[in-house]
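Residue numbers (our numbering), protein chains in the order written: chain S, 70 to 334; chain Y, 35 to 350.
No lab work stands behind these hints, which were simulated from the structure alone.
Here are the simulated lysine-lysine pairs, DSSO-like style, with alpha carbons at most 27 Å apart:
1. Lys259(Y) with Lys176(Y)
2. Lys213(S) with Lys74(Y)
3. Lys71(Y) with Lys213(S)
4. Lys171(Y) with Lys71(Y)
5. Lys171(Y) with Lys74(Y)
6. Lys266(S) with Lys171(Y)
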Amino acid sequence: MRTHDFYEPRVSVVHQSDARVKVILTLAFILAINLLPPGTWANYLLFLSLIFSAEILSRLGIGYHLKRSLLALPFVLAALPLLFTLPSPYHSIPIFGVNLQISQPGLERFLSIAVRSWISIQAAILLAASTRFPDLMIALRMLKIPPIFVAIISLMWRYLFVIIEEATRLERARSSRSGAAPYGSARPGGRVWWRAKVTGGMVGNLFLRSLERSDRIYAAMLSRGYNGNPPTATIAPLNRQETLTIVLGLLTFLFLLFTGLTLGV
Amino acid sequence: MLFSPNQMHIPDGFLSGIVSIVLWLVSIAVLAIALRKTNKTLGDREIPLMGVLAAAIFAGQMLNFSITGGTSGHLLGAALATILLGPWSAVLVLTSVVAIQALIFQDGGLLALGANIFNMAIVGVFSANLVYTLIRKVSMGKSWSILVGGFVAAWTSIFIASLAAALELSISGTSPANLSIPAMGGIHALIGIGEGLITTGALAFIYASRRDLFTPEKAEAGTGKLVLIAGGILTLILAILSPLASSHPDGLEWVAEQQGFIEKAQEAVYNLIPDYTFPGIDNPTLSTIIAGVIGAILVFGVAFTVAKLQKKQAAN
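Pulled out of the complex, with its shape left as it was, chain S reads as follows:
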């Protein structure tokens, strides 16, 4: 489990700018590109150049984002049938001696979905890689997400890696005693039902351990004076420069969206 490389510390304009600015601009960016009609290639290209420049500014580089954006790639399969099911004009494309009839609107829509998805995930990666988790939570609070909810997510994050380690220990114990295949192609132990039952037992065990842990955490919180309200620091309002960045960013996205919607390709 790659635990700590989600946030990548760098000294850059992107890392240093306020999390609220980044969250708002990321969401607006993704919303704008997903509202663009398919086939507006010029606008996709402009959005792509925007995210590429932000990636270079963040000093994480384009390559880093490309590598991590491969995560969403398998999902492209879901859109693949569009190539054959959308209406004519069809183009015959020879692949391995077979002439495939590929629909032109289908190809256009498929590529649009793939590009849209690829650009969107890069924006999400940039946000996660350049923003510390606590800053992200402050931004969520400013976006009017209920404090209880933010508190639950923060606590989840705080204990996530503790519990993942717990799960890793359970799994290591299982591998050393039962059920694990010694090498790739070997048959794992027991029948599949039995393996499923064992995994279920482990999940139940993990659940109980976490329940007990949450009791201890609650006691510890009480000992520090917890009274049911998660402590919240007061947040400084956005300064003029940050507001200006948000407004300029939103105007840019709006302009790109508007031209895409009205001018077509």
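Starting from the known structure of chain S, fit chain Y onto it as the hints suggest.
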């Protein structure tokens, strides 16, 4: 343990802007109700409880078992959380899991997060709760029905949630409904068995070691009218709408056809009438709806029969 992206988490770009926004609004509304309900019934210790259990569900999703040839089964956890925490807390816990997966791990998109919350935390929880509560009711609260109910609830949550995802993809014009719905539904009907087995195993373990967690109050929380009606409506709509959508060649093409049909109808109404003598009867849509309903009735029928038989045995 490697982090494996889940098929059910829709990335950004695959849903149309409108579908994403509508599902965000629906999810926000349901979450607001869930926050109000849990605030009313639960004490201040619930914040650490829900936070830690969300982390446990996340970590539990990484525990897997090998099925065959490199494929492995693992947990989503909607049914397990619903049974142990009650539906409203389960909605919050699963929303936290899905939100962290999108926000930090990019497993599922940010704009698509509303849809992913809807599928996994809302549809998954409510359909699981409906099935579990029904089976518990029918069995008069016998302890074996925790396991049977757990299995069927887990399977239903996966299957119905995957139908929701497939339907959203086809409404967005991303995936033709006649392919995506049978494909997603079929794969997840199998994945659901794994989910059911793990959930049953977990429940059996917890029942053996901490029977007090299956308290009557927990069960009460799941029998609220609103919760059951919401579960019933979501489950039925998805079970009926999916075959309806998949019997058309393609969501978008279907719409296009309809538009073309209207144009043609305006041009020459009389030419069309002979072709459509009894609209609705010799109709693939209707037959697939009926098939879907019969399938749903069969599943429930088997559950009820098993429950009845067990009850008789217990009585003898």
